[in-house]
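Quick note, the sequences are listed as chains A and B, same order. Taking our numbering, I'd label the letters of the first sequence as residues 1 to 78. Taking our numbering, I'd label the letters of the second sequence as residues 1001 to 1411.
Because the hints were derived from the structure by calculation, they are not lab data. Hints may be right or wrong, so weigh each one.
Here are some chain B residues pointing at chain A (derived, C-beta under 10 Å) [what the hints assert, rightly or not]: (1) G1047; (2) E1063; (3) N1067; (4) V1078; (5) K1239.
Note that CB positions come from ideal geometry on N, CA and C, so glycine has one too.
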Amino acid sequence: MKLTEGDIMQITVNGEANELHEAEVNLLKLLEIRRVESPEMIAVQLNGEFVDMERYPFTFLKSGDDIEFLYFMGGGSR
Amino acid sequence: MTGFSTYAIHGSRSQQKDLHGALRTPVYDSVAFEHESAEDLSQIFSGRKPAHAYSRITNPTVEEFENRIKLLSNASAVIAVSSGMAAISNILLALASSGTNIVASRHLFGNTLSLIERTLKPWGLEARYVSMSAPLEVQAAIDDNTRAVFLETVTNPQLEVADIKTIAGITSQKGVPLIVDNTVTTPYLFRTKDFGVNIEVISSTKYISGGATSVGGLIIDNGNFDWRQAPRLEDWARKMGPMALLGSLRREVYRNIGSCLSPHHAYLQSLGLETMSLRIEKSCANAFSIARFLQKHKKIAAVNYPGLKDSRYHEVAAQQFANRFGGLLTFDLQSRDACFAFINKLKLIRRASNVNDNKTLILHPASTIFCEYPEKQLEEMNIRQTMIRLSVGIEDVNDIIQDLEGGLTTL
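Based on the sequences and whatever the hints tell you, model everything.
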């Protein structure tokens, strides 16, 4: 479902303001939108709290959410 | 592709290819890595962008070695460090603190014991020593302030083998991480995750390095512990969930201590890893033949090798290590003088302090790796003045036996 202009979601991703022009965006979709190449190599924080990878499809975003993708170089992770 | 050696040689084919198609990851002998903008560097340092920045924290050659170990261990995360002792230091500093305790085997490698007693004790860490062959002792020693249980797969040089699945059942029920030093068995003989171990540490200087080429160590997180139960990692667990230990090490303890593995050593150890299974098979087979030879020799007072049926650890070792028993054995002569005289007569076997080299090595533990401990403590640790340790290499076994026989005939 496309949103009307007034309904565009304002979120912050890795410290940058972002607009989402789609409704019902979950974390899995956000990783796709952001073209994250190795999602298994990151930790996702939503408003400062870790979100388990299994919860990505069920974690829907709302305006004002602050999302951090934290990468692990070296022999990490999962 | 499922076999240990195949993975050890090829790693993960999905990993990034070299720019020039090199089949071996080159040695990236560079401290720093340049990036396009100040913004990029800022993103990399805050973990928001995946790239190498500084080799004390990550390095491409080291990363390739870490990823191969991760694959072979079926682990969640691996950090390669400068030595096996650095691996133990890092993990204890990450999990424990002043006023807490760890429960450890009564029979620890001499330097590990020294780390705990002489380096960490003055900072307020208490160690409770138990017999890992007595699970009830382990259970009784754990309390609310216990931050880890630590043991070795085969103690050196007592060659005791604990029933690790039973110990893991206790630590899991108590909510305490179990750390196992897998140096002398490696993931080839013992995949710790399958037995419920949470953290594995290895001195990769030994079997992995491919013949004592380089000093190194590994910290392996099996990804099977809920880090919310580890008080030191509470904040990390809230922010990073199952990656809490990795975050705490890579972004704090390991980074701050500066115990990184050099890219040169990572290259040598990746190379060693490729032939490790062949070398382990050979050293185990040689050790078994030598133990049988010594057992029958009239000048030998006693032989200790878990591969011998009269070892009290034979059954548990056979089951845990898939019927291989490692390359270490000990035997006793009549006296300390006899041990010294025998060692001095050897022509092939090298008098040196290391284990799991390609070469067979010999030493007298009481006067070398345990020389800093008084006689009473040596007795408690079952380190006898009459004991000799042999680390069996991969030479032709008849040549090793001939050398031993030559030394024994002079006694």
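Results of checking the hints against the structure:
no.: 1; hint: G1047; in the structure: 4 Å, holds
no.: 2; hint: E1063; in the structure: 5 Å, holds
no.: 3; hint: N1067; in the structure: 5 Å, holds
no.: 4; hint: V1078; in the structure: 3 Å, holds
no.: 5; hint: K1239; in the structure: 6 Å, holds
In summary, this structure violates none of the numbered hints.
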